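Since chain P is already given, all that's left is putting chain A on it; use the hints.
Chains as they are written, first to last, in this note's numbering: chain P, 127 to 574; chain A, 127 to 574.
It is possible that some hints are incorrect.
[Claimed, not checked] In the BS3-like style, the derived pairs of lysine-lysine whose C-alpha atoms are separated by at most 25 Å in a straight line are:
no., chain 1, residue 1, chain 2, residue 2
1, P, Lys-498, P, Lys-471
2, P, Lys-471, P, Lys-458
3, A, Lys-195, P, Lys-310
4, P, Lys-152, A, Lys-310
5, A, Lys-310, P, Lys-279
6, P, Lys-310, A, Lys-193
[Unchecked claim] Computed Cβ-Cβ distance ranges for the label pairs, DEER-style:
no., chain 1, residue 1, chain 2, residue 2, range
7, P, Leu-375, A, Asp-205, 33 to 41 Å
8, P, Leu-375, A, Arg-467, 37 to 45 Å
9, A, Lys-310, P, Leu-375, 52 to 60 Å
10, P, Pro-210, A, Pro-240, 36 to 44 Å
11, P, Ala-273, A, Glu-474, 46 to 54 Å
12, A, Ala-490, P, Leu-377, 26 to 34 Å
13, P, Pro-391, A, His-222, 50 to 58 Å
14, A, Asp-316, P, Pro-391, 34 to 42 Å
15, A, Gly-403, P, Gly-403, 57 to 65 Å
16, P, Pro-391, A, Pro-240, 31 to 39 Å
17, A, Leu-277, P, Ser-425, 36 to 44 Å
18, P, Arg-309, A, Gly-328, 50 to 58 Å
19, P, Thr-473, A, Leu-277, 53 to 61 Å
20, P, Leu-277, A, Gly-328, 48 to 56 Å
Simulated from the structure, these hints should not be mistaken for lab results.
None of the values given here were measured: they were computed from a predicted structure.
Just so you know, even glycine gets a beta-carbon here, dropped at the ideal spot from N, CA and C.
There are 2 protein chains.
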Amino acid sequence: MTIPHVVIIGGGFAGITCARRLKAAKVRVTLFDSRNHHLFQPLLYQVATAALSAPDIAAPIRNLLAKQKNATVLARAVDHVDLPNKRVVFDGGEVHYDQLVLAAGAVNFYYGHPEWEAWAPGLKTIDDAFEIRRRVLGAFEEAELEADPELRKEVLTFAVVGGGATGVELAGALAEIATRTMRKQFQHFDPEDARIVLIEGGSRLLNGFPDELGLAAKARLTKLGVEVRLDSRVEKIDRDGVHLVGGSLVLARTCLWGAGITASPLGKTLGVTLDRGGRVPTDDHLHPVADATTPTTYSDVFVCGDMAAVSPKCNDGKPIPGVAPADIQMGKYAADQIVARLKGKPTEPYRYFDKGQLATIGRASAVAALGKWKFHGRFAWLLWVVVHILYLASFRNRVVVLFEWAWAWFSWSRPGRIILERGKRWPPPADAATAPPAEASEPPTATP
Amino acid sequence: MTIPHVVIIGGGFAGITCARRLKAAKVRVTLFDSRNHHLFQPLLYQVATAALSAPDIAAPIRNLLAKQKNATVLARAVDHVDLPNKRVVFDGGEVHYDQLVLAAGAVNFYYGHPEWEAWAPGLKTIDDAFEIRRRVLGAFEEAELEADPELRKEVLTFAVVGGGATGVELAGALAEIATRTMRKQFQHFDPEDARIVLIEGGSRLLNGFPDELGLAAKARLTKLGVEVRLDSRVEKIDRDGVHLVGGSLVLARTCLWGAGITASPLGKTLGVTLDRGGRVPTDDHLHPVADATTPTTYSDVFVCGDMAAVSPKCNDGKPIPGVAPADIQMGKYAADQIVARLKGKPTEPYRYFDKGQLATIGRASAVAALGKWKFHGRFAWLLWVVVHILYLASFRNRVVVLFEWAWAWFSWSRPGRIILERGKRWPPPADAATAPPAEASEPPTATP
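So here's chain P without its partners, still in its complex pose:
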């Protein structure tokens, strides 16, 4: 009897959880990810705002699976999946699978305007975070040299697009940087003059959280000095800043994007009908659903995390939020189903268990929605700290992050204030004499 081959695409929360849960199973596991590290995305905004350094929140996938003899890690981008023939084709070869777990995550999405990305980077990868860090810290350096007060104002204006958790957390961190971290570090201007504008198209912040927490977040951000602009839809983002529908312009040298993601482009290669967010619709077993274009049900395929538009049946008719606990649950579920099927046991539908939602707003403040409990302020923040430390992938990271946070708490400083260069020599060494130019501001490519 040959050992069944489980292929997992993506080393995020769902993929890693699934792979680890298969440790004792009689399967061969192959995990693909074009990046070599698992990323703890909920804390990525802290790398972008220089509160943490990258290795604090990233762990080599190979390390996470080092003690697992049945797992192979391939650091390769998957090109496409051939569902009918059960093949995964990647840059450099192809593999056959018996069971497939699709967990390639999501990428930034600019609603048909990929040209905005150059002006307003999103926050999905460590490189994104470094780019944001470079721009934010660079703006303050620029201001020290700008003699014209009008231009300095523009240089010191930061526009954050999107009032979800990412936007709220970025705006809060920017406010803290301006009022605290940078205090007394410049001779020619007061960093507190920095203007932070949070732009949201809808009528409230933190959509998906209870109404009252959206209000609490708005109040807290306003207190921190952030200008919150609701019902403000973006017309265009360019050199000048963010142009809003209706004609007004937020003149800002630095714009950040937290307004949208779309599922990994890998979904497009499956030949199934995707939803508006580019996600693969699934049944209550996380299998891709049969439709006109895909009459077959692929019961050997599980779609997890941000790539999946999970059947509302799995959450009492409601959509499942894009939070880490949901991804982890799906990864566990897929692993358990794979094991059950190997043992000939009956499979069970997936049920989402709501562990609640948390978001921080600057120092010592957060909002929390845990089932019926809704609260905000200092206690919510403590809860946020505890939860994030517990979820961090390895013991080491927990200790380091705790240390960094404790240090930052008492010193008000941010250790990661290092501006990297603009990747002058980053293009790979193709041919030294004719090294190709780096692809400039192209939309994010397929991940993993």
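Chain A alone, transformed into the frame defined by chain P:
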């Protein structure tokens, strides 16, 4: 009476030391550095080999001088220095100085072959370190996918050019990565099969250290599995690896450069005759020396650190080694002379005080030359640890680095095993529609 203006170019050991030492002086200090951080260069190889993360060994210059009211930090590259008119011209303006401290350091040097750089990156900046890290870790990932044993051998060969401290430390760290860090992390090959070749043009390692320590380093590296090739001069570096004079070729996918640096190109703008290493010859007061092209002695200019070819008179007729203690001493000296002159006190010539030299060779081993004492092994390594912790610029860094080292010691792991992308979106947002390609593999530009 106007307050004298001291301009310092460069935020390395010499520049930062000088600026800090002028804290209580009745001067205005302006420090230029195109990078926003001071870098603890002696530990940079640990970032390159994933043992430390970048913020552990870098501190924002602005932070280091935050409490110093008389200092302004400008994050700008200096274009040129106009000695006769006492002006510093930078990207965005110019300033007049009363006293100038030139401490812009050095850049990688390829002996007239800048095209080698694309194949063999050097190690002077954090971006250099990230690039080396990407290539080294990437090679192991590549090997996991390479089916052809001959090609895999090539992929797993690492050539380090230069048998000085940088080359020895890199080679030792690579050996540790292959035999320890990567152990049991791959399914298709044994990381211990990696071949590490250290190439040195001279007849010994660690030139500048006593002979016996060069021998000890060679013995230790050989024991770690490193192939040490002495008397091997480089003819060419290209896609295939390192071609040696005489015709032999070290077939290696990854080459690293530790064989040469040259003083900052800023020296060329001074209009004085430079030495072979691009350095500014100085008298025993660190002033640029008068020669045929510069009949004037510029007694208001101090040249420090790697930019200076200091008069041998300052070290009993011997040249001064390019080590951090020398840079720090010169920075202090310049500050003290500036203060003395303000007070109308007589100035004194600079005297180099030899604090010795240290280099590590993999885990728990180092060589040390402290005046008459020469020793190697575990005790030298402990000394190395203590000295480097003490010298780290801020208390925070000391604690973190100690922690990281202690952790690595017991776990044999390397926390920084994060491969960054190739800077797809790094070019600055010029115009989104026509974003320029990143400059590909151009030689390092003038720093700061």
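We went through each hint and held it up to the structure:
At most 25 Å may separate the alpha-carbon atoms for a hinted pair to count; Lys-498/P and Lys-471/P exceed this at roughly 36 Å. A distance of roughly 17 Å separates the Cα atoms of Lys-471/P and Lys-458/P; the hinted pair therefore holds under the 25 Å criterion. Under the criterion of a C-alpha separation no larger than 25 Å, the hint pairing Lys-195/A with Lys-310/P is consistent with the structure, at around 9 Å. Proposed proximity of Lys-152/P and Lys-310/A is supported: the alpha carbons are some 20 Å apart, at most 25 Å.
As the CA atoms of Lys-310/A and Lys-279/P are separated by approximately 55 Å, the hinted pair breaks the 25 Å bound. For the suggested pair Lys-310/P and Lys-193/A, the alpha carbons sit about 8 Å apart, so the restraint of at most 25 Å is met. Checked against the given bound of 33 to 41 Å, the beta carbons of Leu-375/P and Asp-205/A, roughly 34 Å apart, stay inside it. With their beta carbons about 53 Å apart, Leu-375/P and Arg-467/A fall outside the hinted range of 37 to 45 Å.
A hinted range of 52 to 60 Å holds for the C-beta pair Lys-310/A and Leu-375/P, which are about 57 Å apart. Checking the proposed 36 to 44 Å range against Pro-210/P and Pro-240/A shows it is violated: the Cβ atoms sit about 52 Å from each other. For the pair Ala-273/P and Glu-474/A, the supplied restraint of 46 to 54 Å is violated, since their beta-carbon distance comes to about 40 Å. For the pair Ala-490/A and Leu-377/P, the beta carbons lie near 57 Å from each other, so the given range of 26 to 34 Å is not met.
In this structure, Pro-391/P and His-222/A meet the distance hint of 50 to 58 Å, their C-beta atoms being roughly 56 Å apart. Taking 34 to 42 Å as the suggested C-beta distance range, the pair Asp-316/A and Pro-391/P conforms, at roughly 36 Å. For Gly-403/A paired with Gly-403/P, a C-beta distance near 58 Å keeps the hint of 57 to 65 Å intact. Between Pro-391/P and Pro-240/A, the C-beta spacing of about 38 Å keeps the proposed range 31 to 39 Å intact.
The hinted range of 36 to 44 Å is satisfied by Leu-277/A and Ser-425/P, whose Cβ atoms lie roughly 39 Å apart. Hint check: Arg-309/P to Gly-328/A, Cβ distance near 52 Å, so the stated range 50 to 58 Å holds. Range check, Thr-473/P to Leu-277/A: Cβ separation about 43 Å, and the 53 to 61 Å hint is violated. Against the hinted window of 48 to 56 Å, the Cβ-Cβ separation of Leu-277/P and Gly-328/A comes to about 54 Å, which satisfies the hint.
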